[in-house]
Amino acid sequence: MRMNDYVIYYKGLNDTYQFGTGFTVHKNCLSSVKEFNPISERVCTIKLNTKPMNMFIINIHAPTENKDEIDKDEFFEEVATIYDEAPGNTIKIIVGDCNVKLGKEPSFRPTIGMHSVHEISNNNGQRLINFAMSRKMTISSTTFPHKDIHKYTWKSPDGRTANQIDHVLIDTRFRSSIADVRSYRGADSDTDHFIVVSRFRLKLKKNYSAGKTAAKFNLENLKIDEGREKYIQAVGKELLERRQHEATDNWIMVQESIKIAAKNTIGETKNQRKPWYNNTCKNAVKKRNEARLKYLSLQTQEAKETFEHERRKCKGIIQKEKKNLYERCVT
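Taken in order, the sequence shown gives residues 1 to 331; the numbers are from my numbering.
It should be emphasised that the hints constitute simulated quantities derived from the structure, not laboratory data.
Incorrect hints may appear among the rest.
Derived DSSO-like pairs: lysine-lysine, alpha-carbon spacing no greater than 30 Å straight-line [as the list claims (entries may be wrong)]: (1) Lys282 - Lys223; (2) Lys203 - Lys47; (3) Lys67 - Lys155; (4) Lys47 - Lys136; (5) Lys263 - Lys287; (6) Lys313 - Lys323; (7) Lys155 - Lys287.
Ranges between beta-carbon positions, derived for each pair [unchecked claim]: (8) Lys263 - Arg312: 42 to 52 Å; (9) Asn218 - Thr161: 46 to 56 Å; (10) Ser156 - Arg312: 14 to 24 Å; (11) Leu325 - Ser189: 42 to 52 Å.
In this text, a Cβ means the ideal position worked out from N, Cα and C, and glycines have one as well.
Sequences and hints are given; from them, build the entire structure.
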């Protein structure tokens, strides 16, 4: 799925918004994607062409602590199988919503470090630690010192509970490839999770075959009588001149005439894949983001209610603008 300058590789359930894992890749990095494998609604993998070695990333969404023990056993067995079958000449990394609490137990310290936000590992946490130790992995997300607010990755809907449940694991041989891991509260993805960012010392291999982006014309000007009339006249003029002076294929002649006429009359437009996203939407999103940041800072009931109000209002405005665009297009 393509969205603006990104391509989303995704695996989820068709009839519900529960679960689902995926990767978002910038268009400039698409040539580095060697393989994407959507295994299940809880696991997917991607292989990237990086140097000095290729990178193999497993994205997971683990069962929660209160799930059945059998379900949790089956999940970690599936992840273990995928990890063991990964190419041996790659840097193996696991990321995602692990739904675990990792503590600061000294006996686990070579694997988990000493900078978790929690003191004691829960059952799921011990499962993840055992998995990491058995595969000689390091849990990098608990090895870098940060303030607690930059360690929390999830906050309950009522705002009373915050945990560190999203993690990054890497083959211990290559743990120095990760320079830092922390969460960012300011990035608003309209979810109860915070964005977790890892900084790598690896580089994507360059691709020099990228072509020039095709021009996109401002078709909105064709809805105006004056603009439409100018465009029609310009196309006719270009076709007439080319017939008189060029002996070329008819389709090429028509194609070039249309391009030149469009450029000279209706003009080109910026690459905007969301035509419904106007100033009204932009202002609503800005107010929602400001209310969210204020709530994260103050942690008061009033700030929370204001944020929820702006969130609902923003959602309604976006839905309305999408509907208005659809109605204009079909009428």
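Check: Checked against the structure, which of the hints given earlier come out wrong?
Finding: Of the numbered hints given earlier, those the structure breaks are 5 and 11, listed in rising order.
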